[in-house]
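4 protein chains.
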Amino acid sequence: MNDAHHRTRCRVIYADTDAGGVVYHATYLRYCEIGRSELMRGIGLVYQHIEEQGIILPVTECRLRFKAPARYDDMITVDTHVGSLTGFTCRFNYRIEREQADQPKPTLLVKGFTVHAAITKAGRLIRIPESIYTPLHRLCQATDNSSQTGT
Amino acid sequence: MNDAHHRTRCRVIYADTDAGGVVYHATYLRYCEIGRSELMRGIGLVYQHIEEQGIILPVTECRLRFKAPARYDDMITVDTHVGSLTGFTCRFNYRIEREQADQPKPTLLVKGFTVHAAITKAGRLIRIPESIYTPLHRLCQATDNSSQTGT
Amino acid sequence: MNDAHHRTRCRVIYADTDAGGVVYHATYLRYCEIGRSELMRGIGLVYQHIEEQGIILPVTECRLRFKAPARYDDMITVDTHVGSLTGFTCRFNYRIEREQADQPKPTLLVKGFTVHAAITKAGRLIRIPESIYTPLHRLCQATDNSSQTGT
Amino acid sequence: MNDAHHRTRCRVIYADTDAGGVVYHATYLRYCEIGRSELMRGIGLVYQHIEEQGIILPVTECRLRFKAPARYDDMITVDTHVGSLTGFTCRFNYRIEREQADQPKPTLLVKGFTVHAAITKAGRLIRIPESIYTPLHRLCQATDNSSQTGT
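Residue numbers (the numbering used here), protein chains in the order written: chain P, 15 to 165; chain G, 15 to 165; chain E, 15 to 165; chain B, 15 to 165.
One or more of the hints may lead you astray.
Note that identical chains are pooled: a pair holds if it fits in a single copy or bridges any two copies.
[Said to hold, decoys possible] The list that follows gives simulated cross-link-like pairs (lysine-lysine, DSS-like), each with its CA atoms no further than 30 Å apart:
no. : residue 1 : residue 2
1   : 81        : 119
2   : 119       : 135
3   : 81        : 135
4   : 81        : 125
Hint data in this document are derived by calculation from the structure and do not stem from the laboratory.
All chains, please: the whole structure from these sequences, using the hints.
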């Protein structure tokens, strides 16, 4: 874990769960959104400001693997980092975990990613603007470096 | 039941339920939205067209009373009618019921209403435009008449 | 404001909003749930423990009045307090507000309440058990006192 | 298109959309659930009955690619078929499309899949029981045959 990873905590509420007694699978995409927006806020990228520039960063792809269920009232952690970045797309990787007082290591619940493209409000695909690309790229490099040194 | 009442059927899915094994209370507002939009479509009021006129009909108040729970896979019926209509607000009344093959009468699940005002996209309160008021008023009268004759 | 009022902050995410550009009306019931469960946690009533006793506290009624819209990325505050308490029902009152750096007073967005009854897992209505009633009653009295002294 | 494909229609409601003016990405997993449960109902597999056998078929993986946005009031079609089936997992494939009166071919909105495993209520992984496997396998073969003949 390092500066390139953003960690946010969420409390599971009833609204997040389903009749199976666990968190509904689509709800994890909410948690990913929370992780992603807090990561971006942390590097000065407030989504609202991005939109004011007339740019939207919609999800073009998502993939989640469900390893263990979260339940009502669980406190979970969303670990988010920039997985990759090109001129046109940005991929965020997520690890959603549950920390428990009586266990030394957190339990991995969900692993996955979302891919985002930059488009204008009219729906035209554009290069990710410099003002967004640069801070994301800095994070991306931090991830690479930390991977190389094995931390 | 008469022409003034619109009835729509919905199937309860897992996403609608919570860990209590029943439909999450806020989900019934989804069912009300479905009932209301189908009632409006039935009298030629497509919400999208209303919005194209620069008008929004947001919910200014809602009240629901929960009598019995709906469960996963239940087929429920949303009965919607115009409860009252003034120059500035429209109230829709809802009865959400579950029909069951082995029971002569449907079970009442939820009873409630939503109140809507007309506002411009800039957020200014306006009179409900003629094109929306007239068809709603016609329905409202049909409700009154049917009440008087006891049907 | 006093000890009887619990205040929780929530950040509005995209998932909470609708195509009208504002928070979808049913989403405020999520915020109420967050406020209510944090108030209860604050007085030692963890909902999960209540359920382990075989008791559920479902919503039997809800009412919300929408005064002003919350938007994406807004930081909102849910103020929750016990509005009334009988042997069989508990009512929670909510005020959802938005604080803004450039304004001296927060903007009231939504005002409302939920009423809860105690039922067994089999669905039978019961008196609210002592272990739940007592801490809620203590809060309720605190609310009354503060009202009398005008704070 | 053939017997192996199940097609369900859904109307997009306000609750499904977000402040970007389009359907929120996680909402498509709701549509997939609708498609999947209707496909299963069509071959006599009512999820509720499966659960009564003490078996759950949770989502262990999902992947969606977003090609074009659905908007409020769109009528969309969810095309679902069994993509693959092993003793332990079943994969459903989805194509979500929008039909428009003025266009000869529907627009592809979302393509994706969900993978499901069979587990007991206690959470233990088991082989998919015969009563579920057989009807799914029949559908799977129908898909293969239709692919071979190019329809």
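Evaluated hints:
Proximity of residue 81 to residue 119 under the C-alpha cut-off of 30 Å is restricted to the intra-copy arrangement: shortest distance 15 Å within a copy versus 39 Å between copies. With identical chains, the CA atoms of residue 119 and residue 135 are at most 30 Å apart between copies only, with a shortest distance of 25 Å across copies and 44 Å within one. Taking CA atoms no more than 30 Å apart as the test, residue 81 paired with residue 135 passes between copies only; the shortest distance there is 16 Å, against 37 Å inside one copy. Taking the shortest Cα distances, residue 81 and residue 125 sit within 30 Å of each other both inside one copy (8 Å) and across copies (23 Å).
Of the numbered hints listed earlier, not one is contradicted by the structure.
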